[in-house]
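> The whole structure should be built from the sequences, with the hints applied where relevant.
Residue numbers (my numbering), protein chains in the order written: chain U, 1 to 113; chain D, 1 to 119.
The hints are simulated quantities; they were obtained by calculation from the structure and are not laboratory data.
Any given hint could turn out to be false.
Taking lysine-lysine pairs in the BS3-like style, the calculated list, with each CA pair at most 27 angstroms apart, reads [as the list claims (entries may be wrong)]:
no. : chain 1 : residue 1 : chain 2 : residue 2
1   : U       : 44        : D       : 40
2   : U       : 61        : D       : 96
3   : D       : 24        : U       : 3
4   : U       : 3         : D       : 96
5   : D       : 46        : U       : 15
6   : U       : 44        : D       : 108
7   : U       : 3         : D       : 108
8   : D       : 40        : D       : 24
9   : D       : 35        : U       : 44
10  : D       : 35        : U       : 3
11  : U       : 15        : D       : 35
12  : D       : 46        : U       : 44
13  : U       : 15        : D       : 40
Next come the chains, spelled out residue by residue.
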Amino acid sequence: MTKALNATCLNGVVKVGTLVIDGAEIFSDGVGNSEGVLFIDNGKFYYFPSTTSDLKTTIEKLISALNKIGTTLTSIGAGMTGATTSPPPTLAADVLFLTGIATDLTTLKETLK
Amino acid sequence: MSLVPYEEYFTFEKLINPPEYSIKAGTYLGATCLKTYSGKPWEIFKENGFVFNFITDQVVQKSTINNPILLDVAGSGRYFISNGLILPGSLTDAGKITSYTAFYSFEKSRFRYSEVTHD
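Put into C-alpha cells, the structure is as follows:
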C-alpha cells in the first residue's frame, strides 16, 4: 500500500511537517530547496519535488526577454530612416538587459528543484 | 469496554479507521512511532511494535505489557481457552502474544483462541 504525503526538501533533508524522513530517496536533477510529495511504499520512501515553480519562472523570464527583443528591434527599425546608421540610444542598455536574463536562466538551470 | 463491528470483524472503537501510515517520531493513535511505514493497520502495528491495551484504551509498545497468562489447550488440541479476552503482549511459555483469532462461546461464556502467534 502506497501513501502520498505533502513534503519539503531543505538542504537534502526531507520532512513531512516537522518530522524528518531519514533515508528518503530524492528524485531530482537539481539541488534547490523544494516542496513536493513523499511516497511511502511499505518501508521505502521516495521524494518527488514539484517543478511547477521552476517552469513558471522560466516562462516568465523568456516572455520578458522576447518582449525586450521586440521593443529593441522596433527601436532599431525606427532609426533606420534616411542615411543615418546610428543605433538607437537605448541599444546598449537593451542588450545588457537581455544578457542579464540569460544569466538568470543559467542560474535557474543550476538550481532546479 | 465494548467491541464494535468494523468491516468483516469486530474491533475496539479507538481502532476504527486508523491511519494507513506511520512516520518515525510521529504519533499513531497516540503512540510514538519507531518506523516510517505504510500498510494495513496490523502491519503498521507489527513494524512499530505496537499492541492495543484495551484495559487502558491506548496503543502502546508491546514491551510495556509483561503480565503472564496461561493458555489451556482444549477441543482435542484444536484451540486454546483462557479466562477473558487476552491482552496482546501477554507473556506465555512461547513468548509474547502478538495476535490471535478469538471466538466467544455464549454457551460456555468463554473465549476460544486459535491462530495464536508469538514474538
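> Take the hints in turn and mark each one as holding or not.
Going through the hints against the structure:
1. U/44 with D/40: holds (15 angstroms)
2. U/61 with D/96: Status violated; Cα separation ~64 angstroms.
3. D/24 with U/3: holds (15 angstroms)
4. U/3 with D/96: violated (30 angstroms)
5. D/46 with U/15: holds (24 angstroms)
6. U/44 with D/108: This hinted pair is violated, its Cα atoms lying about 47 angstroms apart.
7. U/3 with D/108: Status violated; Cα separation ~44 angstroms.
8. D/40 with D/24: Since the Cα atoms of residue 40 of chain D and residue 24 of chain D sit roughly 17 angstroms apart, the hinted pair holds (cutoff 27 angstroms).
9. D/35 with U/44: holds (11 angstroms)
10. D/35 with U/3: Given that 27 angstroms is the threshold and the Cα spacing comes to 14 angstroms, the pair holds.
11. U/15 with D/35: Given that 27 angstroms is the threshold and the Cα spacing comes to 14 angstroms, the pair holds.
12. D/46 with U/44: Cα-Cα ~16 angstroms, so holds.
13. U/15 with D/40: holds (23 angstroms)
Violated hints for the displayed structure, listed by number in ascending order: 2, 4, 6 and 7.
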